[in-house]
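A.B. asks: Protein chains in written order, with our numbering: chain A, 1 to 123; chain B, 124 to 278.
Keep in mind that the hints were calculated from the coordinates and are not lab data. Just so you know, even glycine gets a beta-carbon here, dropped at the ideal spot from N, CA and C. Among these hints, one or two may not hold up.
What the hints assert, rightly or not - Far from chain B, by Cβ distances over 10 Å, these chain A residues were calculated:
#, residue
1, Ile60
2, Trp93
3, Arg94
Unchecked claim - Under 8 Å between C-beta atoms, here's a sample of chain A residues computed to sit facing chain B:
#, residue
4, Val23
5, Leu26
6, Ala35
7, Val72
8, Val74
9, Val83
10, Gly112
11, Phe113
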Amino acid sequence: MVATAPEPSTRSRSWRWTAFTGVSLLALVTIHMVAHHFVVDEIGGLRTYQHVLDYISTPIIFVIEGVFLVVVTVHAMLGLRSVLLDFGLNERWRQRLERGLVALGIVTVVYGFILIGVLASRA
Amino acid sequence: MSETRAPLDRERDPGVEEILRGRRQRAPVSRKLPGPIAWFDLRSRSTGHLAFSLNRVTGLGLVAYLYLHLAVLSQLLGGEDAWNGFLEVATTPLFLGLDVLLVFGLLAHGLNGTRVALVGSGFVPNRQKALFWSLMAFGAIVLIYSALHIFGGEA
Numbered sequence: 001m002v003a004t005a006p007e008p009s010t011r012s013r014s015w016r017w018t019a020f021t022g023v024s025l026l027a028l029v030t031i032h033m034v035a036h037h038f039v040v041d042e043i044g045g046l047r048t049y050q051h052v053l054d055y056i057s058t059p060i061i062f063v064i065e066g067v068f069l070v071v072v073t074v075h076a077m078l079g080l081r082s083v084l085l086d087f088g089l090n091e092r093w094r095q096r097l098e099r100g101l102v103a104l105g106i107v108t109v110v111y112g113f114i115l116i117g118v119l120a121s122r123a
Numbered sequence: 124m125s126e127t128r129a130p131l132d133r134e135r136d137p138g139v140e141e142i143l144r145g146r147r148q149r150a151p152v153s154r155k156l157p158g159p160i161a162w163f164d165l166r167s168r169s170t171g172h173l174a175f176s177l178n179r180v181t182g183l184g185l186v187a188y189l190y191l192h193l194a195v196l197s198q199l200l201g202g203e204d205a206w207n208g209f210l211e212v213a214t215t216p217l218f219l220g221l222d223v224l225l226v227f228g229l230l231a232h233g234l235n236g237t238r239v240a241l242v243g244s245g246f247v248p249n250r251q252k253a254l255f256w257s258l259m260a261f262g263a264i265v266l267i268y269s270a271l272h273i274f275g276g277e278a
């Protein structure tokens, strides 16, 4: 198996997307963590069932959580790609890996939106 | 002749010996481990390598957490009773400890990633080591505050 490195332009584009989503996540993760651990005055800061429904059905929160889901998934898939490419995959396996990660990312985002959509509709 | 000879090794000050040992050329470290496994091989590695390994390990942990989190949130689909059952488990000290571990992973990965992005994009001068340790010190303070809050302290 002959290992091939991705083209420099692909590497550069992937690095820029990783950095961009990473910087965006600094704000989104902070909002998410504060909202779920530092607002509710309970041990662990976890919300009750009704609190979760009320929270996620607020339009601005729904949008923020949706953006967070997309951005965190893109960042995670790019990170996984980078880690798995360290194994020195050849071109054929690299393409399979990329297609697999795109599919996994789409499934994750779709499932996440179904989850928050169902919860928001129950409020 | 014998009076001008340098003192024997055993007569050297231990401090001098330590300096000389540091100056000696280190033998190259043989690394036969494949890429990802070599992250854990910290022999003769720099702070940069430590930071790289930390970023990779915390990143993989956070990806695993992402799917665990989605699985846990799926409990909400089971209604209030299913969620309350989960909350009882989630507020035990063991699970709260795992929350603190999550905050550690987020801080280590986020702050280290910030360093990589800032240096890599040329926004700050290349002072990787100082930047790494400064951000880790800041992260440690935030982690202590978070741990106190998660465990229901006064923070």
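A.B. asks: Each hint: holds or not?
C.D. replies: Against the structure, the hints:
Separation of Ile60(A) from chain B is adequate, the least Cβ-Cβ distance of about 20 Å exceeding the 10 Å criterion. Every CB of chain B is more than 10 Å from the CB of Trp93(A) (nearest about 14 Å), matching its label as outside the interface. The beta carbon of Arg94(A) sits about 14 Å from the closest Cβ of chain B, which is more than 10 Å, so the claim that it is off the interface holds. Annotation: interface hint on Val23(A) holds; nearest CB of chain B at approximately 6 Å, less than 8 Å.
Taking 8 Å as the C-beta cut-off, the interface hint given for Leu26(A) holds, the closest approach to chain B being about 6 Å. Given hint, Ala35(A) at the interface with chain B, is violated; its Cβ is 13 Å from that chain's nearest Cβ, farther than 8 Å. At about 6 Å, the closest approach between the beta carbon of Val72(A) and any beta carbon in chain B falls short of 8 Å, and the interface hint on this residue holds. Nearest Cβ of chain B to the Cβ of Val74(A): about 12 Å, over the 8 Å cut. The hint is violated.
The interface hint given for Val83(A) is met, as the beta carbon of that residue sits about 6 Å from the closest beta carbon of chain B, less than 8 Å. For Gly112(A), the interface hint holds, the least distance from its beta-carbon to any beta-carbon of chain B being 6 Å, beneath 8 Å. The interface hint given for Phe113(A) is violated, since its Cβ lies 11 Å from the closest Cβ of chain B, which is over the 8 Å cut-off.
Figure legend: structure checked against the earlier numbered hints; hints not met, in rising order: 6, 8 and 11.
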